[in-house]
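Asks: Guided by the hints, dock chain B onto chain A, whose structure is given.
Residue numbers (the working numbering), protein chains in the order written: chain A, 1267 to 1459; chain B, 1267 to 1459.
Keep in mind that the hints were calculated from the coordinates and are not lab data.
Ideal placement from N, C-alpha and C gives every residue a C-beta, glycine not left out.
It is possible that part of the hints are untrue.
Beyond 10 Å from chain B on every Cβ pair, some chain A residues (computed) [unchecked claim]:
id, residue
1, Pro1275
2, His1285
3, His1295
4, Asp1311
5, Thr1318
6, Pro1362
7, Trp1372
8, Ile1375
9, His1378
10, Leu1380
11, Ala1422
12, Asn1423
13, Glu1451
14, Leu1453
15, Arg1454
Okay, the calculated bits of chain B under chain A, using three or more residues with CB under 8 Å as the criterion [stated by the list, open to error]:
id, stretch
16, 1334 to 1342
17, 1440 to 1447
Protein chains: 2
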Amino acid sequence: MDSHVSPVPLEKAYRLINHGPTVLVSARHAGMDNVMAAAWACGLDFDPPKLTVILDKVTTTRELIEQSGRFAIQVPTVAQMQLTYTVGNLERAKAPDKLQRAGVQWFDIDGHDLPFVADCSAWLACRLLPEPHHQETYDLFVGEVVGAWADTRAFANGHWNYENAAPEWRSLHYIAGGQFYAIGESLRADPVE
Amino acid sequence: MDSHVSPVPLEKAYRLINHGPTVLVSARHAGMDNVMAAAWACGLDFDPPKLTVILDKVTTTRELIEQSGRFAIQVPTVAQMQLTYTVGNLERAKAPDKLQRAGVQWFDIDGHDLPFVADCSAWLACRLLPEPHHQETYDLFVGEVVGAWADTRAFANGHWNYENAAPEWRSLHYIAGGQFYAIGESLRADPVE
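With the rest of the complex left out, here is chain A (with noise of 0.2 Å):
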């Protein structure tokens, strides 16, 4: 594992997807590994932390989720963002050759049967709570978080440090058509008692 990869407290873990960034979401089920962009991934709870994210049925990913009961959500950097739009836009059973094409490198975390998306700034193991009817009616699935990880040279001590790293670690937040906005300027407000 790159020695810059850290483990996130869970009870921080939130922090992570907080500012709502576009992530990639992955899997692994039966020896295939696959991974998919969504920008609807989102906190639901602190303590044990848990997020929901929306996979649309023709999506290799939720199959994968489906039958694993596991998934890894990731927060790409804009150095990724030509991968995330390629893996957001590719379809697995359509083009095969995706991974490669998008060059996506896999990494392995101890303890975690899951692939997990070499070079982006935060990952977070999921355990899948199934919730039939909203998972068919809504395309929306819930996890738990289990396992977080940040690269410290873009969130360290509980706190993104987008201000101070380099600017292609800051988070990608997708639009449409290819647009995407980077995280800008950090701003702290007065305290309300």
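Replies: For chain B alone, kept in the frame of chain A given last:
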């Protein structure tokens, strides 16, 4: 209604929150209006447009939504950071003067019996799709978007225009402890076929 507030076609309404901004959630019931902040709001479907929002059981806004069956989601701006933080941190039940302290100003939109927060960049009127299990278990509420509007100085012709708008129009993306990030630079991926 402010002359800059313009309707957004429903098929493009998802773009108003696709980049994961922190939002304001407002509701009205029996003569009472309230608003709270929510970092956990997310797109759910394109057509008809739907979204999810997490509403803690202690919030007055949740009660108003459960009673009225409708709510508004709005995208606050950098200029509204302190307002956003204040309505997110004060509970109406304990601080009856919350709205005055935050400086909330309301406006009306014809045909929608909802309180809309003035000076935001976008507004989505939503009809609650009752899902009792998810509301009770996860505090997760599903809304169908039945009307959408944006301030044309920030969003026009189906696109955010943060790169040309004044910086105070940018969206807010909350982390924790009063820290937000503003949305940043626009980036465009190459087409993928």
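Asks: For each hint given before, does the structure comply? Return the numbers of the non-compliant ones in rising order.
Replies: Those not satisfied are hints 2, 4, 5, 13, 14, 15 and 16.
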